[in-house]
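Chemist: One letter stands for each residue in the lines below.
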Amino acid sequence: MSIKISETLTFECETGNYHTFCPISCVAWLYQKIEDSFFLVVGTKTCGYFLQNALGVMIFAEPRYAMAELEEGDISAQLNDYEELKRLCFQIKKDRNPSVIIWIGTCTTEIIKMDLEGMAPKLEIEIEIPIVVARANGLDYAFTQGEDTVLAAMAHRCPEQKTEIEKKKKIEDKSIQKIFSFLPLKTKEKKKKSLKNQFPLVLFGSLPSTVASQLSLELKRQSIHVSGWLPAQRYTDLPTLGEKVYVCGVNPFLSRTATTLMRRRKCKLIGAPFPIGPDGTRAWIEKICSIFNIQTEGLEEREQQVWESLKNYLNLVRGKSVFFMGDNLLEISLARFLIRCGMIVYEIGIPYMDKRYQAAELTLLQETCKKMCIPMPRIVEKPDNYNQIQRIRELQPDLAITGMAHANPLEARGINTKWSVEFTFAQIHGFTNAKDVLELVTRPLRRNNNLENLGWTNLIKIQKG
Amino acid sequence: MKLAYWMYAGPAHIGTLRVASSFKNVHAIMHAPLGDDYFNVMRSMLERERDFTPVTASIVDRHVLARGSQEKVVDNITRKDKQERPDLIVLTPTCTSSILQEDLQNFVERASMSSDSDVILADVNHYRINELQAADRTLEQVVRYYLEKARRQGNLNISLTKKPSANIIGIFTLGFHNQHDCRELKRLLQDLGILINQIIPEGGFVENLHELPKAWFNLVPYREVGLMTALYLEKEFGMPYISTTPMGVVDTANCIRQIQKHVNIWSRILLDKIFDFEPYIDEQTRFISQAAWFSRSIDCQNLTGKKAVVFGDATHAASITKILACEMGIRVSCTGTYCKHDEEWFKEQVQNFCDEILITDDHTEVGDMIARIEPSAIFGTQMERHIGKRLDIPCGVISSPVHIQNFPLGYRPFLGYEGTNQIADLVYNSFTLGMEDHLLEIFGGHDTKEVITKSLSTDTDLTWNSESQLELNKIPGFVRGKIKRNTEKFARQNNIPKITVEVMYAAKEHLSA
Numbered sequence: 001m002s003i004k005i006s007e008t009l010t011f012e013c014e015t016g017n018y019h020t021f022c023p024i025s026c027v028a029w030l031y032q033k034i035e036d037s038f039f040l041v042v043g044t045k046t047c048g049y050f051l052q053n054a055l056g057v058m059i060f061a062e063p064r065y066a067m068a069e070l071e072e073g074d075i076s077a078q079l080n081d082y083e084e085l086k087r088l089c090f091q092i093k094k095d096r097n098p099s100v101i102i103w104i105g106t107c108t109t110e111i112i113k114m115d116l117e118g119m120a121p122k123l124e125i126e127i128e129i130p131i132v133v134a135r136a137n138g139l140d141y142a143f144t145q146g147e148d149t150v151l152a153a154m155a156h157r158c159p160e161q162k163t164e165i166e167k168k169k170k171i172e173d174k175s176i177q178k179i180f181s182f183l184p185l186k187t188k189e190k191k192k193k194s195l196k197n198q199f200p201l202v203l204f205g206s207l208p209s210t211v212a213s214q215l216s217l218e219l220k221r222q223s224i225h226v227s228g229w230l231p232a233q234r235y236t237d238l239p240t241l242g243e244k245v246y247v248c249g250v251n252p253f254l255s256r257t258a259t260t261l262m263r264r265r266k267c268k269l270i271g272a273p274f275p276i277g278p279d280g281t282r283a284w285i286e287k288i289c290s291i292f293n294i295q296t297e298g299l300e301e302r303e304q305q306v307w308e309s310l311k312n313y314l315n316l317v318r319g320k321s322v323f324f325m326g327d328n329l330l331e332i333s334l335a336r337f338l339i340r341c342g343m344i345v346y347e348i349g350i351p352y353m354d355k356r357y358q359a360a361e362l363t364l365l366q367e368t369c370k371k372m373c374i375p376m377p378r379i380v381e382k383p384d385n386y387n388q389i390q391r392i393r394e395l396q397p398d399l400a401i402t403g404m405a406h407a408n409p410l411e412a413r414g415i416n417t418k419w420s421v422e423f424t425f426a427q428i429h430g431f432t433n434a435k436d437v438l439e440l441v442t443r444p445l446r447r448n449n450n451l452e453n454l455g456w457t458n459l460i461k462i463q464k465g
Numbered sequence: 001m002k003l004a005y006w007m008y009a010g011p012a013h014i015g016t017l018r019v020a021s022s023f024k025n026v027h028a029i030m031h032a033p034l035g036d037d038y039f040n041v042m043r044s045m046l047e048r049e050r051d052f053t054p055v056t057a058s059i060v061d062r063h064v065l066a067r068g069s070q071e072k073v074v075d076n077i078t079r080k081d082k083q084e085r086p087d088l089i090v091l092t093p094t095c096t097s098s099i100l101q102e103d104l105q106n107f108v109e110r111a112s113m114s115s116d117s118d119v120i121l122a123d124v125n126h127y128r129i130n131e132l133q134a135a136d137r138t139l140e141q142v143v144r145y146y147l148e149k150a151r152r153q154g155n156l157n158i159s160l161t162k163k164p165s166a167n168i169i170g171i172f173t174l175g176f177h178n179q180h181d182c183r184e185l186k187r188l189l190q191d192l193g194i195l196i197n198q199i200i201p202e203g204g205f206v207e208n209l210h211e212l213p214k215a216w217f218n219l220v221p222y223r224e225v226g227l228m229t230a231l232y233l234e235k236e237f238g239m240p241y242i243s244t245t246p247m248g249v250v251d252t253a254n255c256i257r258q259i260q261k262h263v264n265i266w267s268r269i270l271l272d273k274i275f276d277f278e279p280y281i282d283e284q285t286r287f288i289s290q291a292a293w294f295s296r297s298i299d300c301q302n303l304t305g306k307k308a309v310v311f312g313d314a315t316h317a318a319s320i321t322k323i324l325a326c327e328m329g330i331r332v333s334c335t336g337t338y339c340k341h342d343e344e345w346f347k348e349q350v351q352n353f354c355d356e357i358l359i360t361d362d363h364t365e366v367g368d369m370i371a372r373i374e375p376s377a378i379f380g381t382q383m384e385r386h387i388g389k390r391l392d393i394p395c396g397v398i399s400s401p402v403h404i405q406n407f408p409l410g411y412r413p414f415l416g417y418e419g420t421n422q423i424a425d426l427v428y429n430s431f432t433l434g435m436e437d438h439l440l441e442i443f444g445g446h447d448t449k450e451v452i453t454k455s456l457s458t459d460t461d462l463t464w465n466s467e468s469q470l471e472l473n474k475i476p477g478f479v480r481g482k483i484k485r486n487t488e489k490f491a492r493q494n495n496i497p498k499i500t501v502e503v504m505y506a507a508k509e510h511l512s513a
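Residue numbers (the UniProt record's numbering), protein chains in the order written: chain P, 1 to 465; chain Y, 1 to 513.
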């Protein structure tokens, strides 16, 4: 099998036999993000065992999530779903008293067609706690898309924007150029010192609060005020949404949330590359500024400074090759950043590619490849891990970014790996955290510099195949 | 529905996958949605496996929901057959596929026509049995399949090996210290002059299973996995089996005596020879294993009557309970297991060695029990370790569920004579060391500056005045929580809202009275 590296972005689709985490794993970071929430995963032992094993230690810190473990009686409808959920939710209310209970629907609830969406509003009235339903199941979604389903469900719960403040402001020339990008709004008034965006801007995507405030601060420097985050630190602080509200995503896997915000909440979506890496962050800020017709200030210098500070890492990665097996949808943005760092990307595996939501990111990827004079990587949607491993064998990349199922076996075969999951949990957004991305990427390379001369790279016995 | 935060035994398919992937050149295909293949992560991370885990998923997605798997499962089986040329492919149902009620058996039959590998459907009901039961069942199923196949093909060899030999049944991947135990058992049998016929499933080839009946007897070290297979072999081929776990000095000797009994039945006839293992047992017990000497040594005196709690799978919990009670003189206040299906056996085993028995798979019950008893040490699973952390009680891990720490690189068996040493170390190190214990008692501890933050009681209506707080801080760290709770309990019982030094002493007197 020979592999050609093409000159344009090519999209392929394989069999979908790949390893990724189940989307219910989103409870692991979301329960920590939304402090007053309680996540109830309605599923089987299989789901529970996954959470327990994949999320390891967190489970012991008295987490605000639990399984509603379905038993045979639930499956065969001998028990009344509503009564059962009511019993559990009252227990949760008694023990934890959360401000919101989020029901996570799983494969099983899909198959037995448990009407979670139907039951929630009724129970909500009885129990007097909001119940949000998100179907984050492995039948439809992969890993980080779980967060997407939760945020999309939460978008419905955000309070409606009161429009009176905006009434004074006049909007001219609000014609839509494409579906996702807008012509700049022309407004004559320009206040000097105060924040300049005349319409509220809500950012969506769950980030650790420090990262969220870093990004807000970056925008504030360009005199853009972030009026809220979806999700906020507390459920009770959900941002207001409405027709006049602009929204922008911070993560590449939030296409459902974006769609919900646009279609159901009538918000205006700013389609931008994602603020991962200094190049991404700058492009993200520039795009937002352009929407509000604001001239950016000092962004180029700021980006340059960050690149300057990354010098040591860049020396390590320059000219090295990367292979993304694909499992968390951050792949396009990470690949784009790594190409800008001087790396060669052979393949970007990705579970699901929303070309519209990621349009700006894809364009930036293409531009970056041209700028760096590097051949365009192939983008493989729904990859097939078996085939990918054959390709990895052939290409011998310097680094494979992969799930934990393949990391150790690849290492034993002399291929450096980095667990892709770490990119989901590490702080990788904004100017400040560009270093963390490279810290992760270079870790196996640095480790190897230390072990290089020991002569035991390949640690398996040679056998057939 | 059950509100669950944590579970001791995993879902059934995990058991099946553990058995399948322990065999060499066997591939398992799960009929499961995306993301259910986290077994690969567990195996790759916990066991630090160098090879790709031979488990793939035939993905159940929306299309499958709408139209059924149709050709998908068959295609995936035949594809895997071509790619990896395994000897056997095990189609594994999951909770999802058991609700879909597709005719997986039919897929298996169709696929086996077009593939060179054998194909079987793991016969496990997801909603009725757990990981361990499923593993037991799958192992039996695989063994039965190959013995019946051999019988059909006429190449079943049931003549015994010339020298006495044994099969070790039930060593498998992700088992608690299984690899080390396996090595220790091999050494033990070698010492006794007994050959190893086969070890299954770990590292075994299914193509060799038809040779199983050649062994003189079967050794099943763990109750959870292998008993069904041993029973099947006994019924079909009259093979005797030993299910006494050789854990601890006493049971190791018991196990060896049973081996002697079984071996002598045949060796008297075939070899005209009688084996006598008693000198070996005596030598090992008194001089090779340090455990017997340790329990006589003055160190161990300090452990006399100390309270311990044991919890784990049936095999380990029962064995450790007996070791603590009989071999070390420790008082086991409560012992328990999450193997509810094996309740009867467990109760019978530990009846006379503990104050109470707890059979549950609800970790909060276990936590409450521990908090109530306040033992000096816990011997349990990773869960109990965390309960112990919260309550400030040391814990030695003696059973799965496992954690990466339970896959040590060094040699740490729990079975056999080296196992007795390891267990003695584990037990001894879990209790506060004797002299340190005394010194702490005499001098009031060396961490008196520590602020008390961990507390189980949620009520805040009690206040400690500054003197009593100071006095409390003088108490050694590891008993401070207990004293605090006892004092507060006493105060509450007597309606005393404010705790003074006097109240503390009154409480102490009240308790010791």
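Do not rely on the hints blindly, as some may be mistaken.
Claimed, not checked - As a list, the in silico DSSO-like pairs of lysine-lysine whose alpha-carbon atoms are at most 30 Å apart:
#1 Y/Lys2 <-> P/Lys86
#2 P/Lys86 <-> Y/Lys72
#3 P/Lys122 <-> Y/Lys24
#4 Y/Lys24 <-> P/Lys94
#5 Y/Lys2 <-> P/Lys113
#6 Y/Lys340 <-> P/Lys418
#7 P/Lys93 <-> Y/Lys261
#8 Y/Lys72 <-> P/Lys113
Simulated from the structure, these hints should not be mistaken for laboratory data.
Chemist: Next pair to validate is lysine 86 of chain P with lysine 72 of chain Y; report whether the Cα-Cα distance is within 30 Å.
Modeler: violated, 39 Å
Chemist: Does the structure keep lysine 122 of chain P and lysine 24 of chain Y at a Cα separation of 30 Å or less?
Modeler: Violated - the C-alpha atoms of lysine 24 of chain Y and lysine 122 of chain P are around 53 Å apart, more than 30 Å.
Chemist: Taking 30 Å as the top limit, are the C-alpha atoms of lysine 24 of chain Y and lysine 94 of chain P close enough?
Modeler: With Cα atoms ~51 Å apart, lysine 24 of chain Y and lysine 94 of chain P exceed 30 Å; violated.
Chemist: For the pair we were handed, lysine 2 of chain Y and lysine 86 of chain P, check the Cα-Cα distance against 30 Å.
Modeler: holds, 12 Å
Chemist: Sort out whether lysine 113 of chain P lies within 30 Å of lysine 72 of chain Y, counting only the CA atoms.
Modeler: holds, 23 Å
Chemist: What's the verdict on lysine 2 of chain Y and lysine 113 of chain P, does the C-alpha distance respect the 30 Å limit or exceed it?
Modeler: Roughly 19 Å separates the two Cα atoms, so the pair holds.
Chemist: Measure nothing beyond the straight line between the CA atoms of lysine 340 of chain Y and lysine 418 of chain P; if it is 30 Å or shorter, mark the hint as holding.
Modeler: violated, 41 Å
Chemist: Between lysine 93 of chain P and lysine 261 of chain Y, is the straight-line Cα distance small enough, at 30 Å or below?
Modeler: It is violated: about 61 Å lies between the C-alpha atoms, which goes past 30 Å.
Comparing the model with each numbered hint stated earlier shows that hints 2, 3, 4, 6 and 7 do not hold.
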